[in-house]
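Here is how the chains run, residue by residue.
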Amino acid sequence: MPTATASAPPSSVPAQTLRNAVIRLAGNSQDGIQSIGGFLARLAGRTQHDVMTYMTIPSTISGGPSIFQLHLGSGHVLTAGDEADVLVAFYQHSYDSHIGSLREGGICIYESAEVTEFKNERGIHHIGVPFTAATIEALGGSARDRGKNMFVLGLLCAVYQLDRDKLAGIVSRQFGKKDESVLRNAMLAFDAGYAYPIGDIGTFNFEEGEHKDEHRLSTDGNTLMTMGLIAAGVRYGSAYPITPWSSIMETLRSELPKYGGIYVQAEDELAAVSMTIGAAYAGHLAVTGSAGPGLSLKMEALSYASMAEIPLIVINVQRGGPSTGLPTSVEQSDLLQAIYGSHGDCPRIVLAPQDVEDCFYIALEAGKLAREYSCPVIILSDQGLSSRIEAFTEPDLDKCWVEPMLDIAERAADFKPYPLDSVTRHAPPGAKMASGRYPHVTGLEHDEWGHPSGNPKMHQKMTDKRRNKLIELSKKLPLPEIYGEQQGDVLLVGWGSTYGPIKESVNRMLSEGHKVGAIHIRHVHPMPAKLDTIFAKFKKVVVVEMNDSGMYGYGQLATMLRASLADPKIQSVCKTDGLNFRIREIVTGVEKVMAAN
Amino acid sequence: MSTATLEAPAPAAPPADGKLTKKMLTADHPTWCPGCGDFAVLAAFYKVLEKLQYPHEKIVCVAGIGCSSRFPYFVNSHGIHFIHGRALPLATGISLSRPDVHVFVFGGDGDGFSIGGNHLNHAARKNIKLTYVIMDNFVYGLTKKQTSPTSPQGFKSKTDPTGSIDRPINPMKQLLASGATFIARTHAAQVKHMMDVFERAILHDGFSVVECLSECIMFYEGSFDDSWPKKGGVFETIDETQHDVKDDVSAYKLADQPSPGKFGVFYDVDRPTKNEMEQKWIDSTQAKLGGVSQKDILKKRLEMMR
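Those protein sequences? They're chains S and W, same order as listed. Under the working numbering, the first residue of the first sequence carries the number 2, and numbering increases by one thereafter. Under the working numbering, the first residue of the second sequence carries the number 259, and numbering increases by one thereafter.
Since no wrong hints were added, every one of them can be taken at face value.
Label pairs and their calculated CB-CB ranges:
no.	chain 1	residue 1	chain 2	residue 2	range
1	S	Tyr553	W	Lys546	56 to 62 Å
2	S	Arg438	W	Pro410	40 to 46 Å
3	S	Pro323	W	Asp463	45 to 51 Å
4	S	Glu211	W	Ala545	42 to 48 Å
Derived by calculation from the structure, the hints in this document are not laboratory data. The beta-carbon is built from N, C-alpha and C at its ideal position, and this holds for glycine as well.
Can you build the whole structure from these sequences, using the hints too?
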């Protein structure tokens with residue numbers, strides 16, 4: 002899949018030009034491999050290249066094996082790559098666990114002081130380099146393990162003939178804020194790596210990036226989601242720390258004061274969502290967020306927000322497993338919780354971003370929908386998306402910026418907070434009521450004035466009202482575009498962060514002559530109406546998602562689709578190993594479905 | 259809109275278009291049982307607000323779940339009736355984001371000390387600017403007589419048919435420990451005392467709590483007779499010439515007296531509110547930015563990712 006045009010094994014020939022390369026760095030979580038990856042990813046954005054990263058971190062405080070994988074490309078990069086072109090192994094365990102991920106004829110650069118044994122197989126080119134010793138030598142004996150990642154960065158910069166000046170600039174911006182000696186040591190190590198005589202593997206360079214005339218940014222999903230929230234007008238909120246959500250709340254906590262806002266670290270998840278509902282009731286666009294277990298704890302209050310029709314943004318960065326599960330692994334198993342969790346019939350909107358760039362726009366859309374439909378909007382991100390870095394075109398703030406607003410103008414004499422014949426509009430505290438009658442907001446079933454009502458007819462009418470607004474929304478949502486064949490044998494259906502891998506799988510299957518297409522559902526609840534018109538164009542529909550196929554053999558989105566469309570041709574390809582989909586896993590899964598009857 | 263553009267309410271300024279009257283504040287007739295102590299709390303609240311003359315639209319009543327938590331429906335003001343135990347965090351969200359309104363929170367002993375117990379500690383330590391009135395009746399009334407966290411040991415209920423075993427919470431001691439800046443106890447049958455305490459609590463700049471002993475006539479009749487002179491008890495008030503309300507050790511000793519104990523203000527100190535501290539942070543951050551528009555702040559932030 003990652004198609005290095007270089008044929009292996011490389012030798013001492015002039016630099017070869019590549020369109021794509023996948024680099025896997027394997028070490029322990031404190032070796033600084035994430036910063037190597039981060040620097041390279043930022044460089045990609047600045048050289049108009051595309052990038053997608055992938056990392057695993059152990060859910061321990063320190064130590065433990067960890068990897069950082071980086072897919073660099075001149076054109077559009079859709080995945081972090083199934084297999085690596087270059088593996089950098091810091092330890093024997095890194096070597097043993099990851100040599101299998103290297104493509105045939107790939108290059109393995111290993112720490113020669115740590116890795117002693119290797120199998121000479123599949124044409125893999127092995128290069129031993131004393132990372133630590135060379136770093137110590139470069140820094141005059143004062144360095145320990147700390148600088149070796151910078152040494153490796155220099156090494157990779159030389160191998161791939163990257164823009165050394167730009168890379169050095171990024172490094173100095175990162176370390177420049179710290180003590181002078183930190184930057185000096187980092188650059189010494191970097192230069193030592195850059196100059197290290199690596200032998201006869203030759204060098205590579207990248208084709209010019211395809212995004213020449215654009216301002217490109219590169220960052221991770223959580224950071225960009227936070228910026229999206231600010232652009233959407235969010236100024237208040239509250240949350241409780243939990244992996245992999247926390248970095249959004251940390252950034253909001255330090256950023257919001259610049260915009261006159263406040264983010265509170267609450268005592269627990271229940272308080273967090275309650276404070277957010279308080280700020281929303283008070284007339285602001287407010288956000289709370291969490292990960293799976295935290296979302297469960299927020300459920301009672303979310304049911305309230307549906308009932309009281311409070312506009313609210315809730316972000317759920319999904320992680321693996323039920324309970325505390327796999328905190329640092331990826332899964333998409335909170336869909337049904339997001340749609341149906343909590344007691345009673347409590348309609349809400351659920352959105353899922355497809356990639357890092359979309360994290361920005363989905364936050365904007367969530368804000369708009371929350372206000373327009375006066376209801377909670379849940380954004381389902383996931384662990385993979387939260388931490389991976391991608392490059393993308395800078396959003397045009399002049400076009401999408403939403404000025405925050407608080408409407409405390411006097412409400413007319415006929416104001417009703419919960420009119421049956423139109424959308425709910427609240428009068429926040431501070432708004433004078435011309436009628437002299439002040440509104441109550443409640444989780445009890447209520448009449449049009451927010452007054453508690455146990456009247457059976459009223460409960461039916463209000464339930465209809467809360468549900469119908471979502472039905473109205475589903476009619477307005479555009480049908481997703483079909484990628485690949487517009488009709489044919491198989492339609493792949495995905496949601497959330499599987500967007501790239503599914504598209505890449507379609508590319509591969511198209512190249513193998515299959516008649517396949519794919520759609521991506523970004524509005525997962527409500528879904529756009531008339532999806533069946535798309536399904537009708539294909540013989541089979543395969544829903545690809547990272548959750549369990551459960552008792553009845555269908556993943557969570559597939560269950561929703563089967564329930565709403567009653568279409569027996571909808572099948573599932575599911576997995577729950579805590580890792581992002583590889584292309585070959587999707588292709589194999591789809592082929593199995595095609596082969597069945 | 260940032261909070262900086264909202265002006266803090268001026269408590270004593272009468273509304274431009276006439277006086278706030280009890281009539282303007284009354285809404286539905288309360289659903290409480292005849293004889294419930296909560297009626298007196300409601301009446302005292304109307305009277306204090308009438309005295310303070312707050313702008314009508316700037317009064318917000320917040321409550322959780324329970325008999326007393328129906329309070330917002332009986333006050334014609336902005337009101338929100340939330341889920342069980344979470345009134346305080348909800349009120350925190352309102353208070354921090356809306357410095358221009360007065361936030362009042364009402365609840366009972368279950369809502370405040372049991373399901374919402376954790377929130378009480380945290381609202382207190384954060385010193386959120388709001389007034390919290392707990393109508394404590396030592397029993398779960400809405401659910402028809404189960405043991406409450408303040409039920410005395412030996413109290414017979416449906417969940418403790420042979421008498422309550424667990425030691426009751428001492429709200430005054432707990433609130434002192436968690437850092438509340440205004441703590442008082444009053445009695446629903448002592449309307450004058452109750453009004454004085456409410457007024458001081460409301461005017462306190464910070465997190466103020468009033469525990470108001472409010473008898474549940476249906477499920478715990480006579481619970482507060484020993485502090486009710488009409489019923490043969492003694493209503494002992496705190497003598498502030500003898501007790502320094504700024505002295506937490508002395509307040510702790512007062513709080514430790516055996517039931518029914520003393521009534522009045524146990525503790526009343528000034529400490530910066532979270533509202534104030536957050537606004538300071540906002541102001542200094544914005545001063546450093548020097549009038550750059552919000553959109554441009556974000557533009558610059560995005561440029562850092564280039």
